[in-house]
Amino acid sequence: MSEIIRFNGVSKKFGKVVAVNSVDLSIENGEIHSIIGENGAGKTTLMRLLYGMYKPNSGKIFVRGKEVNFSSPKDAIDNEIGMVHQNFMLIDDFTVYENVVLGSEPHHLIYFDREKAKRKVEKLAKAYNIEIDVNDFIDSLSVGFQQKVEILKLLYRNAEILIFDEPTAVLTYQESKALFDTIRKFKAAGKTVIFISHKLKEVKEISDRVSVMRNGKLLDTLKNENLSEVELSKMIAGREIKNLTTVSLKKGETILEIDNLTAMGDKGIPAVKGLSLNVSRGEVLGIAGVVGNGQSELEEAIAGMRKITSGQIKFKGIDITKMSVRKRRELGMGYIPEDRIRTGLAPLASILENIIMGHQNEKEFSARLDFMRRRRAKRFANRLVNEYKIVCKSIDEQVGTLSGGNMQKVVIAREFAHDVDLLVVSQPTRGVDVGGIEFIHKGILAMKKSGKAVLLISSDLDEILQLSDRIIVMYEGQIVHSTSAKNADVQKIGLAMLGMRS
Amino acid sequence: MSEKYRRFLIVVISFLLALVVGGLLMLFYKVSPIDGYKIMILGALGNKYMIYSTFARMVPIILTGLAVAISFHAGIWNIGAQGQLYLAAFVVAAMGVSFHGVPTAMYLLLGVAVGIAVGGLWAWLPGYLRVKYNVNEVVLTIMLNSIAIYFTTYMTNGPFRTSQGSLGATNVIDKGMWFRHINPLSNLNTGVFVAIVAVALIVYLMLFAKRGYEWKMMRLNPRFSIYGGVSFKRNMILAMVISGMLAGLAGTLLVMGDYHRFLNGISPGYSWTGMILAMMVNYDPIGVIITSFMYAVMISGGLKMELILGIPQELVQIIFVLAVMFVTAGYSLSNKLSNRMQEEG
Ligand SMILES: Nc1ncnc2c1ncn2[C@@H]1O[C@H](COP(=O)(O)OP(=O)(O)OP(=O)(O)O)[C@@H](O)[C@H]1O
Ligand SMILES: [Mg+2]
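For the record, the sequence lines run as chains A and B.
Heads up: the first sequence runs through residues 1 to 502, numbered per the numbering used here.
Heads up: the second sequence runs through residues 1001 to 1345, numbered per the numbering used here.
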């Protein structure tokens, strides 16, 4: 095979941070090449260098043997390089095909030839097994479908080298499967794919070769077939990562009781339908299910961020159905939301301002006359940054400039720092590296051990199985299966997640 | 370099640059820029009385500037400071011409209280409608500006029309309601102490209180603030009301301290100047204080320049507008530069 891309001693600095440190990497034509590594290792930055979003401080990048010097993604696209980001850039009230052709529309004389555009996009989708209706409007599509549109955009522009930055982080299991089918088609068509993920199972499944990054450096590039998941995780973290196991404790008093809860989704359609559950001290209740089956609405209802239509929520014996978010927090509820960037963080605010949120009313940080004890807040933020190894310049840095995984850590650190009785935690390890996952899982189990109740919502079934004492499966807003962890039958749970009874 | 420091530097440099351009313009009048600015500074700060006058000029600007700053800081856009100022000023004046014989201390207190309350109420309305029915507060406050201004104009031409000659004003208010001049040679009156207290309270609220932090988070990500337990709606209305109270206070002090009556032209765009200042310093209250001071110096000194050197006052306006332009350009330039610098390390 011939080489299609070559990084030669490429470095990239942001101020004092060396995000990419003299990387030498060669990508071969037609391979699927995974890049893995800790949060903040420099994976995204390396890819953005290739995509023309940043310019390297030193080093050279070659595409098809020719040195390139991209000054914008447009140059990269002209060289048949395309990148799918985690945050999509689509126009909500345009249709699929309009978004795809936008910027290079087919013309008939001077008119936009819609029919031709549609036909072209449909043909592309078919060629790569991408199932989508090109007439749908973007805002009616799920994340998985929006991603398909992004991919089509690249294909439409003849991308031969496709970069995927954590594409599966927000996808359901089925959507990931479909994406992998598409990626395999790319390979079959001779295209080159660069794939970034923290999910080692996927890396193992799809890659030809794997490169590992740490601290901006490229550690090694290896053939996938010679590797095991355990070895991969060891290379990422630089140490052995053990899967944690949990021991059932004696259940304490009931902390959270939900009775016949009904809540609407954003579009006014019932999302949670008559759901009842309870969580006790010293236990982790895991809610499994495919994303989009009412879990988001349920977590928001518990946290007080979504009005419910009927039913009751009791927390420590008190009816909190109509209580404000603040009162719930003061009563001892912690919440790690699914959507970290939209809900759990203010990306434009500093790390300090983000970390103090939810703690601002505590005695430690507030004095009489509404005075805020900023010096203590700073000390607190610095402590958490050290404890959780959040990679940043200082606590005054904007959260939005942190790497994806480090943003997560800010939320996790903040909520773990509360002395709560109940922790509602949703998709806690999405986009987090293996070391981080271990850390977060330890944190959750430590909470349980210290007699707190944990409600864990995750679409990652392994995570649920690993941490929970009891497991329920949500499907279309209802509980369709419920079991103790001891008697859990993975087969049954898997079927229940798809709404099938065994 | 910290973000705040950088912004501060940009504002200072922009004012200096604008002054340089202003200096070049002075050459058209055959005046050396050095002399021109000497007269300007002397005219604004040359002696005690001039300093007093400059401070007097600063009062309405700083109050409206902070009014805008506090609402924008919280992410609610009060474009209605002008209307709040007018309505408060008028109601206070109407009270002052209607009731006599109230003991002075009480009348002063009452006047200020009523003025603040009217301003606050006139801002509460759009705040409430925004929170309750999600009506756009920008449109609403602009409408309420017109209503307030037409209403007061009508009143000064109708029921409250002055019997003392000049049109478009009320009668002089009861003397018991006057903030007295501190010195007969300048406009500065004891109302300035009320303003100082208000400014101190706002600085505390925005920079040291928990509320200031919560407001900022509401602006940066409303959903995040709600998630963190901030009472979003209450805080939003509160920011709006305090904003209106400040604008109301500006109007009140103009009536009780400066003109002792309500005039149709009582605020020649103070609130718009205040808004520009607030935006220029990114809603930072200290920044508002500094820039209002600079602005007041320029205006006071500009008068003197016209008197002595024959340079039209408008030159000062030109300098101010240039400064605003430079600040805007400076921000986008520095953002670009800092990105580049960060990237190049
Ligand atoms: N625009 C930027 N400005 C300043 N620092 C940045 C910027 N982008 C990235 N960094 C820093 O560069 C380092 C590498 O970040 P990068 O996003 O490449 O990591 P990553 O390997 O993709 O991590 P993750 O797995 O968490 O997404 C981090 O320390 C990050 O804080
Ligand atoms: Mg990344």
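Be careful, since some hints might not be right.
Said to hold, decoys possible - List of simulated lysine-lysine pairs, DSSO-like, C-alpha gap at most 30 Å:
1) B/Lys1233 - A/Lys16
2) A/Lys204 - A/Lys251
3) A/Lys251 - A/Lys322
4) A/Lys378 - B/Lys1233
5) A/Lys327 - B/Lys1216
No lab work stands behind these hints: they were computed from the structure.
This structure is a prediction, so every number in the text was calculated from the model and none was measured.
Against the earlier hints, flag every one the structure doesn't satisfy and list their numbers going up.
1, 2
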